[in-house]
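There are 2 protein chains.
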Amino acid sequence: MARWQPNASERLAVAALDLFAERGYENTTVIDIARRAGLTKSTFFRHFQDKREVLFGGDMMTGLVVEAIAAAPANATPLEAVACVLDAAGRDVFTPARREFVARRRAVIAANPELQEREALKGLGLTASMTGALKRRGFPDVTSSVAAELGALASKIAYERWSDTDSGDDFGELARRALGEVQAASAVF
Amino acid sequence: MARWQPNASERLAVAALDLFAERGYENTTVIDIARRAGLTKSTFFRHFQDKREVLFGGDMMTGLVVEAIAAAPANATPLEAVACVLDAAGRDVFTPARREFVARRRAVIAANPELQEREALKGLGLTASMTGALKRRGFPDVTSSVAAELGALASKIAYERWSDTDSGDDFGELARRALGEVQAASAVF
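Chains as they are written, first to last, in this note's numbering: chain A, 8 to 196; chain B, 8 to 196.
Hints may be right or wrong, so weigh each one.
Which copy? The list can't say, so a pair holds if one copy fits it or any two copies do.
Claimed, not checked - Here are the simulated lysine-lysine pairs, DSSO-like style, with alpha carbons at most 27 Å apart:
| id | residue 1 | residue 2 |
| --- | --- | --- |
| 1 | Lys163 | Lys129 |
| 2 | Lys163 | Lys58 |
| 3 | Lys48 | Lys163 |
| 4 | Lys58 | Lys142 |
| 5 | Lys48 | Lys142 |
| 6 | Lys142 | Lys163 |
| 7 | Lys58 | Lys129 |
| 8 | Lys48 | Lys58 |
| 9 | Lys129 | Lys48 |
Calculated directly from the structure, the hints in this document are not laboratory data.
Could you build the full structure based on these sequences and the hints that come with them?
Structural data, given as structure tokens:
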């Protein structure tokens with residue numbers, strides 16, 4: 008497995024996860040997180056607007072979604088364009104080297120209502136970005152919304168399967184399989 | 008139009024909306040809200056866990072979702088069961104007498120990130136409740152998830168159309184029409 012070389016924002020996220028696990032989310036300050044990562048408070052705030060945001064990587068995912076859809080082949084259907092987002096997530100975000108980190112992060116979020124709320128709003132934002140990027144390809148509004156919702160659902164299913172067990176499965180493959188299941192289920196309606 | 012007789016929890020919500028509009032969300036306390044509604048702080052906390060929750064009616068919507076799906080006809084398809092939820096929302100929640108209140112509430116939430124986060128998590132919870140209720144009717148897991156997501160999307164589309172303009176349209180009718188559009192879009196994939 009390739010060694011993961013975290014950048015400043017990922018070092019802060021790892022430090023935050025460690026501290027949240029050791030002493031609880033409420034008892035951890037931004038200064039604690041920066042110090043643990045060997046960085047300063049002002050570096051923290053260059054990357055993240057507040058303590059919660061440290062687990063959500065700023066707006067990195069939004070860029071990934073928008074770029075993946077813009078770069079999809081010209082003749083891609085809405086769901087094929089969405090599949091390009093899932094591929095990109097597997098290639099750039101949910102990599103084998105990050106699996107353990109993602110599983111720990113998921114457990115911390117599940118234990119904290121404030122983090123769950125932030126995650127929920129981030130999810131809505133990503134789905135809205137996906138919808139907007141599909142509309143810009145010329146798909147009708149409702150078609151774009153439905154494709155984005157089905158893509159978000161496939162991503163959620165794959166994310167849970169991928170982070171639950173260390174099966175060695177590739178996120179992109181799990182996500183394409185989940186998208187196929189979602190598509191098959193919606194075709195019956 | 009029937010006169011709307013708010014109960015304690017709705018009086019608190021109306022008082023909160025008035026105060027948020029007058030002096031801002033941050034500058035309004037739970038005590039202010041209770042006083043404006045002619046109630047006490049302890050009555051507030053019997054209904055709501057915190058200040059944000061006053062705009063989300065506790066867990067009332069969850070009960071509505073679960074009961075509407077359980078009460079759907081025995082031979083209902085997943086989307087027909089979801090349509091029963093939309094009908095119930097139009098009958099019991101998004102009534103003509105509440106339209107102005109809902110439109111004001113929507114504007115206040117849109118202006119406040121904390122409220123947006125709470126709304127996002129509430130939305131996920133409702134979709135999860137809908138998924139669970141569909142599974143209990145014996146539908147497969149992914150089918151239940153897809154039907155719930157499409158229902159949530161139809162509800163969101165209808166909610167925006169219904170609260171945007173005072174067209175006199177019935178929420179349940181708008182929602183069934185939106186569900187039809189969503190279903191037609193997903194059938195193309």
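Here is what the structure says about each hint:
no.	hint	result
1	Lys163 x Lys129	both (13 Å within a copy, 17 Å between copies)
2	Lys163 x Lys58	within (24 Å within a copy, 30 Å between copies)
3	Lys48 x Lys163	neither (33 Å within a copy, 40 Å between copies)
4	Lys58 x Lys142	neither (34 Å within a copy, 37 Å between copies)
5	Lys48 x Lys142	neither (40 Å within a copy, 47 Å between copies)
6	Lys142 x Lys163	both (22 Å within a copy, 18 Å between copies)
7	Lys58 x Lys129	both (15 Å within a copy, 22 Å between copies)
8	Lys48 x Lys58	within (11 Å within a copy, 30 Å between copies)
9	Lys129 x Lys48	within (24 Å within a copy, 33 Å between copies)
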